[in-house]
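Trainee: Here is what each chain is made of, one letter per residue.
There are 2 protein chains.
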Amino acid sequence: MKRIVVDTLGSDQGPKAVLEGVKEVLSECDDVHITIVGDPALVKEYQLPEGKYDVIEAYETVTNYDNPVQAFYKAEKVSIFLALKEAGENDDVIGVISSGSTGAVMVGTLKYLLDEKRTRPALAAILPTIDKGRYTCLVDTGASIDCGPHQLVEFAHLGSNFMRQLYKIDYPRVGLLSNGAEPTKGNKLVKETFKMLEADESINFVGNIEGKMALNDMCDVLVCDGFAGNQVLKVTEGVAVNLITEMIKYGYKTGKEDVAKEFAGHIMKTYDFESNGAGIMLGAKKLVLKCRGSSGPKAIKSACHILINLANNKTIYE
Amino acid sequence: MKRIVVDTLGSDQGPKAVLEGVKEVLSECDDVHITIVGDPALVKEYQLPEGKYDVIEAYETVTNYDNPVQAFYKAEKVSIFLALKEAGENDDVIGVISSGSTGAVMVGTLKYLLDEKRTRPALAAILPTIDKGRYTCLVDTGASIDCGPHQLVEFAHLGSNFMRQLYKIDYPRVGLLSNGAEPTKGNKLVKETFKMLEADESINFVGNIEGKMALNDMCDVLVCDGFAGNQVLKVTEGVAVNLITEMIKYGYKTGKEDVAKEFAGHIMKTYDFESNGAGIMLGAKKLVLKCRGSSGPKAIKSACHILINLANNKTIYE
Chain A
1 MKRIVVDTLG
11 SDQGPKAVLE
21 GVKEVLSECD
31 DVHITIVGDP
41 ALVKEYQLPE
51 GKYDVIEAYE
61 TVTNYDNPVQ
71 AFYKAEKVSI
81 FLALKEAGEN
91 DDVIGVISSG
101 STGAVMVGTL
111 KYLLDEKRTR
121 PALAAILPTI
131 DKGRYTCLVD
141 TGASIDCGPH
151 QLVEFAHLGS
161 NFMRQLYKID
171 YPRVGLLSNG
181 AEPTKGNKLV
191 KETFKMLEAD
201 ESINFVGNIE
211 GKMALNDMCD
221 VLVCDGFAGN
231 QVLKVTEGVA
241 VNLITEMIKY
251 GYKTGKEDVA
261 KEFAGHIMKT
271 YDFESNGAGI
281 MLGAKKLVLK
291 CRGSSGPKAI
301 KSACHILINL
311 ANNKTIYE
Chain B
1 MKRIVVDTLG
11 SDQGPKAVLE
21 GVKEVLSECD
31 DVHITIVGDP
41 ALVKEYQLPE
51 GKYDVIEAYE
61 TVTNYDNPVQ
71 AFYKAEKVSI
81 FLALKEAGEN
91 DDVIGVISSG
101 STGAVMVGTL
111 KYLLDEKRTR
121 PALAAILPTI
131 DKGRYTCLVD
141 TGASIDCGPH
151 QLVEFAHLGS
161 NFMRQLYKID
171 YPRVGLLSNG
181 AEPTKGNKLV
191 KETFKMLEAD
201 ESINFVGNIE
211 GKMALNDMCD
221 VLVCDGFAGN
231 QVLKVTEGVA
241 VNLITEMIKY
251 GYKTGKEDVA
261 KEFAGHIMKT
271 YDFESNGAGI
281 MLGAKKLVLK
291 CRGSSGPKAI
301 KSACHILINL
311 ANNKTIYE
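Protein chains in written order, with this note's numbering: chain A, 1 to 318; chain B, 1 to 318.
Derived by calculation from the structure, the hints in this document are not laboratory data. Check the hints yourself; a few may be wrong.
[Stated by the list, open to error] Mimicking DSS-like on lysine-lysine, the simulated pairs with C-alpha atoms at most 30 angstroms apart in a straight line are:
no., chain 1, residue 1, chain 2, residue 2
1, B, K249, B, K195
2, A, K188, B, K269
3, B, K188, A, K111
4, B, K269, A, K249
5, A, K261, B, K74
6, A, K132, B, K269
7, B, K2, B, K285
8, B, K188, A, K195
9, B, K188, A, K269
10, B, K117, B, K52
11, A, K285, A, K168
12, B, K23, B, K256
13, B, K256, B, K191
14, A, K256, B, K253
15, A, K117, A, K168
16, B, K188, A, K188
17, A, K253, B, K253
18, B, K261, A, K191
19, B, K261, A, K249
20, B, K191, B, K117
21, A, K261, A, K285
22, B, K301, B, K132
23, B, K52, A, K74
24, A, K117, A, K2
[As the list claims (entries may be wrong)] Sample of chain B residues facing chain A (criterion: CB under 8 angstroms; computed from the structure):
no., residue
25, E192
26, K212
27, M247
28, S294
[As the list claims (entries may be wrong)] To list a few chain B residues with every Cβ distance to chain A over 12 angstroms, as calculated:
no., residue
29, G14
30, L26
31, C29
32, D31
33, Y53
34, N64
35, Y135
36, H157
37, K195
38, E210
39, G229
40, V241
Note that this is a predicted model, so its numbers are computed, not measured. No residue lacks a Cβ here, since even glycine has one placed at the ideal position from N, Cα and C.
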């Protein structure tokens with residue numbers, strides 16, 4: 001039996017959207033037990049299968065407007081911290097899912113689940129590239145906004161370990177996000193990191209990668225600070241939505257809306273933003289998935305399946 | 001007669017691609033004179049209309065692998081520096097076009113063309129938004145890679161002036177690129193800049209804008225350091241190319257390649273990357289357009305037309 005802890009209070013769509021996702025997972029998977037963190041009265045309404053879930057009572061969350069470190073002072077009342085604590089204290093828990101504040105997930109992971117070999121967890125996103133079936137691990141995507149070069153080198157190690165385990169890549173290619181492919185390009189942080197990655201023999205460093213090539217399978221791990229990584233992730237999503245919207249509008253204008261919708265569906269499936277939106281906390285002792293704030297039932301369900309697959313591959317535990 | 005100085009040695013496609021663009025402009029526009037910087041023997045081959053052009057001899061350029069400050073030691077031999085010097089010393093020149101190294105265009109502009117009210121020029125891109133006919137001025141896009149908050153405030157002023165003149169917007173809305181829309185979001189640089197923009201009464205500051213919303217007409221001027229701006233620009237381009245490629249591949253697979261190509265054509269026209277690829281140096285006494293390294297004849301022609309239109313609007317001179 002695999003136990004997953006799900007924080008129901010983080011999503012912008014409200015706890016009901018999360019509980020709908022949980023309900024679907026429980027009806028589909030026999031060997032999964034879910035610990036739901038949230039309002040027990042609300043959980044009751046969903047008539048979940050007896051014996052396959054339990055509830056940790058919580059009514060408070062951390063928003064993007066709160067300071068996550070200050071929020072930790074009342075950790076015993078806040079859903080995301082309770083969820084991470086449960087995972088830290090119980091061996092049978094395989095992982096945690098939350099759509100709440102990235103900062104709070106970060107602080108909670110640091111307190112309850114940090115791998116003793118690490119100084120800080122990093123938030124990675126596994127992004128589909130133009131080469132079907134090949135993915136790039138972008139790290140960090142927003143957990144560490146201000147970074148030093150040593151941190152970026154640690155991201156390179158964390159990402160390499162993860163891709164080695166998840167996709168059985170022996171020597172994951174590590175790229176460094178920069179403002180050009182030439183070794184001379186970069187801000188101060190990138191230039192210092194470049195030298196350190198070049199000197200690190202345990203890293204298969206392939207050099208600078210510019211944003212245009214981020215999703216072109218130039219590397220298995222793309223390293224950057226959390227501010228830059230957040231731009232890559234969010235701009236990708238924004239441009240995709242804008243282009244698809246423009247195409248559908250044009251489809252309606254020219255009477256080709258059916259084809260436009262078919263194309264849009266194909267692109268959405270290929271670059272499945274809702275499923276791929278989940279970030280993975282690297283450097284933690286358990287699997288911690290941070291879903292987007294906008295997550296609905298589909299995203300929560302997808303995150304549960306990612307967790308189950310990762311746990312089956314014994315990723316992170318190795 | 002409007003005189004434009006064109007550096008022919010910067011494009012990755014070689015000087016011939018630039019000269020083809022120049023030839024087209026000269027055949028279309030009666031009131032334009034072009035000063036060509038490059039190899040006179042090569043220019044001769046193009047049989048350009050007599051009296052409408054002259055040539056400044058140059059055979060050397062600055063590549064992305066060179067240090068632009070060191071390259072300036074031999075400025076009298078290098079095409080981009082000669083082009084900017086010509087513009088700085090002659091009142092009849094309306095502007096300069098180059099596809100060469102951004103760093104070199106930056107250094108040359110600083111030496112020969114800096115507005116005395118400014119400390120440093122900034123490289124802006126005028127990007128089409130989802131609202132047809134409305135544009136966002138992204139500044140900086142790669143001229144100042146490492147910035148302090150005072151520089152970002154200067155970018156806000158430069159961008160506001162430009163959008164006021166170019167699009168007659170009385171109070172251009174200024175947004176600050178961040179990793180979330182909330183005022184608490186940002187790296188150190190963004191947080192410090194946020195306070196300064198909030199306190200500056202001459203700026204119509206609308207707050208933080210996340211990358212997902214960069215092209216959604218949330219602001220007229222989007223301020224960021226050159227590293228982040230470069231990511232926004234390049235990721236936008238990369239994602240657009242990848243999605244369009246995926247759609248056309250799918251079109252071929254399903255026998256709908258004609259519709260796929262039609263849709264692709266419409267999107268390319270709406271988000272015309274080749275034309276919109278030109279960056280504008282703000283804070284210079286003359287119009288300086290930095291085209292992409294990959295610029296071909298179409299991009300050069302488009303840059304000439306942008307210059308002529310801007311000069312007709314008396315932008316920057318006011």
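Trainee: Now, for every hint given, state plainly whether the structure supports it.
Mentor: Now for the hints, and whether the structure bears them out:
A threshold of 30 angstroms between alpha carbons decides the hint, and for K249/B with K195/B the separation of about 48 angstroms lies outside it, so the pair is violated. Among the hinted pairs, K188/A with K269/B is inconsistent with the structure: their alpha-carbon atoms are about 37 angstroms apart, more than 30 angstroms. Note on K188/B and K111/A: the hinted pairing holds, with a Cα-Cα distance of about 24 angstroms set against a maximum of 30 angstroms. Proposed proximity of K269/B and K249/A is supported: the alpha carbons are some 14 angstroms apart, at most 30 angstroms.
At most 30 angstroms may separate the alpha-carbon atoms for a hinted pair to count; K261/A and K74/B exceed this at roughly 57 angstroms. Among the hinted pairs, K132/A with K269/B is consistent with the structure: their alpha-carbon atoms are about 27 angstroms apart, no more than 30 angstroms. For the given pair, K2/B sits about 16 angstroms from K285/B by alpha-carbon distance, which is consistent with the 30 angstroms threshold. For the hint pairing K188/B with K195/A, the CA-to-CA distance comes to about 24 angstroms; that is within 30 angstroms, so the pair holds.
Pair hint K188/B plus K269/A does not hold up; C-alpha atoms about 37 angstroms apart against a cutoff of 30 angstroms. Pair hint K117/B plus K52/B does not hold up; C-alpha atoms about 34 angstroms apart against a cutoff of 30 angstroms. Taking the CA atoms of K285/A and K168/A, the gap is about 20 angstroms. The hint holds against a cut of 30 angstroms. With a C-alpha separation of about 38 angstroms, the suggested pairing of K23/B with K256/B is violated against the 30 angstroms cut-off.
Of the supplied pair hints, the one linking K256/B and K191/B is violated, its CA atoms being roughly 49 angstroms apart against a limit of 30 angstroms. Between K256/A and K253/B, the direct Cα distance comes to roughly 18 angstroms. Compliance with the 30 angstroms bound is thereby established for this hinted pair. Annotation: proposed proximity of K117/A to K168/A holds, straight-line Cα distance about 22 angstroms (limit 30 angstroms). Taking the CA atoms of K188/B and K188/A, the gap is near 15 angstroms; set against the 30 angstroms cutoff, the hint holds.
Restraint check for K253/A and K253/B: the C-alpha separation of about 25 angstroms stays at or below 30 angstroms, so the hint holds. Under the criterion of a C-alpha separation no larger than 30 angstroms, the hint pairing K261/B with K191/A is inconsistent with the structure, at around 41 angstroms. Taking the CA atoms of K261/B and K249/A, the gap is near 16 angstroms; set against the 30 angstroms cutoff, the hint holds. As the CA atoms of K191/B and K117/B are separated by approximately 26 angstroms, the hinted pair is consistent with the 30 angstroms bound.
The straight-line distance between the Cα atoms of K261/A and K285/A is roughly 42 angstroms, outside the 30 angstroms bound, and the hint therefore fails. Restraint check: the Cα-Cα separation between K301/B and K132/B comes to about 23 angstroms, which is no more than 30 angstroms; the hinted pair holds. Between K52/B and K74/A the alpha-carbon distance is near 75 angstroms, which puts this suggested pair outside the 30 angstroms criterion. In summary, the hint linking K117/A to K2/A is supported, as the alpha carbons are separated by about 26 angstroms, within the 30 angstroms threshold.
Among the interface hints, the one on E192/B is violated; its C-beta lies about 12 angstroms from the nearest C-beta in chain A, farther than the 8 angstroms criterion. For K212/B, the interface hint holds, the least distance from its beta-carbon to any beta-carbon of chain A being 4 angstroms, beneath 8 angstroms. Residue-level restraint check for M247/B holds (minimum Cβ-Cβ distance to chain A is 5 angstroms; threshold 8 angstroms). Using the Cβ-Cβ criterion of 8 angstroms, the hint placing S294/B at the interface with chain A is not satisfied: the shortest such distance is roughly 10 angstroms.
Every C-beta of chain A lies more than 12 angstroms from that of G14/B, the closest at about 19 angstroms, which supports listing it as non-interface. The Cβ of L26/B sits about 32 angstroms from the closest Cβ of chain A, beyond the 12 angstroms cut-off, so the non-interface label holds. No Cβ of chain A comes within 12 angstroms of the Cβ of C29/B; the nearest lies about 32 angstroms off, and the non-interface call holds. With a least CB separation of 36 angstroms from chain A, D31/B remains clear of the 12 angstroms interface cut-off, as annotated.
With a closest Cβ-Cβ approach of about 32 angstroms to chain A, Y53/B is found to remain outside the 12 angstroms limit, as its non-interface label requires. Remark: the non-interface label on N64/B conflicts with the geometry, its nearest Cβ contact in chain A lying 5 angstroms away (cut-off 12 angstroms). Annotated as non-interface, Y135/B keeps its C-beta farther than 12 angstroms from every C-beta of chain A; the closest such distance is 14 angstroms. Remark: the non-interface label on H157/B is consistent with the geometry, its nearest Cβ contact in chain A lying 23 angstroms away (cut-off 12 angstroms).
Annotated as non-interface, K195/B keeps its C-beta farther than 12 angstroms from every C-beta of chain A; the closest such distance is 16 angstroms. The beta carbon of E210/B sits about 5 angstroms from the closest Cβ of chain A, which is not more than 12 angstroms, so the claim that it is off the interface is violated. Distance check for G229/B against chain A: the nearest CB is about 9 angstroms away, which does not clear 12 angstroms, and the non-interface claim fails. Residue-level check failed: V241/B sits 8 angstroms from the nearest beta carbon of chain A, not beyond 12 angstroms.
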